[in-house]
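Colleague: Chains as they are written, first to last, in my numbering: chain A, 1 to 80; chain B, 1 to 147.
Careful, some of the hints might be misleading.
In silico DSBU-like pairs for lysine-lysine, Cα to Cα no more than 30 Å straight-line [stated by the list, open to error]:
(1) B:LYS136 to A:LYS48
(2) B:LYS120 to B:LYS136
(3) A:LYS2 to A:LYS48
(4) A:LYS48 to B:LYS120
Calculated from the structure, these hints are not laboratory results.
For clarity, every value in this text was computed on a predicted model and none was experimentally measured.
Here's the letter readout for the chains.
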Amino acid sequence: VKSITVHYYGALVEMFGVAQALLHTDARTCADLWQVLVTAQGLTLDHKQLRVAVDDQFAQWDSVLSDGQSVAFMPPFAGG
Amino acid sequence: MRDTPLFRLSEVEIIPAQERRVLEARSDAGAFVAFEGWVRNHHAGRSVLRLAYTANPALAVRTGQHIVAELVQQNTLLGASVVHRLGLLEIGEIAVWVGVCAAHRDSAFEGCRALIDRIKAEVPIWKHEHYTNNEKTWVGADVVKNR
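The shape of chain A in the complex, shown without the other chains:
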């Protein structure tokens, strides 16, 4: 079991009701973790619509997670 800090941004903050959370999880990859989180909320949002970052670096959805990492889930960007 890994300890992972999850950060949500933009519309995802409202969707999950929090901006960040500390989780203890068996999820292997970023995509696995996302699936766990949306399922727990009773949601069905495909991760392909989002971007993910691990420890403040853009990451691939199949990136394998390690204990103590921080994962950011980000909806489509809308700056400017």
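Starting from the known structure of chain A, fit chain B onto it as the hints suggest.
Modeller: For chain B alone, coordinates are given in the frame of chain A:
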């Protein structure tokens, strides 16, 4: 400071005259182009009251710096600077300021355009639109809503 490509986030009002100062130091520049993104009172047929910008700050700054550095190289710009606002913005405020200088105008125009396009597409910043009828929407988040 002269050659440092800059991207930063600001919680306070953007003052263009201050932002361009870093670029004015280039005595080898013959062209300066700036783009200002303003908060508009309408979007997609709706009446906008104000905007709230949020970001993933560490990732936004690193990504923005990387884009500025890359474009300075590609477009033979002599300097470039970008500031993006965070927090609540009223109608007419500057949401983003992009300034570039180059030896000649072609590079300056092209570099400025490329810079704002990439900032919008690649930097993790989000826009929450507040409408005059008290409704609010996350811009570009249609994939997230309605689910």
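Colleague: Taking the hints in turn, state whether each one holds.
Modeller: Results of checking the hints against the structure:
1. B:LYS136 to A:LYS48: holds, 25 Å
2. B:LYS120 to B:LYS136: Holds: B:LYS120 and B:LYS136 sit about 21 Å apart, inside 30 Å.
3. A:LYS2 to A:LYS48: Holds, at about 24 Å.
4. A:LYS48 to B:LYS120: Holds, at roughly 19 Å.
The structure shown violates none of the earlier numbered hints.
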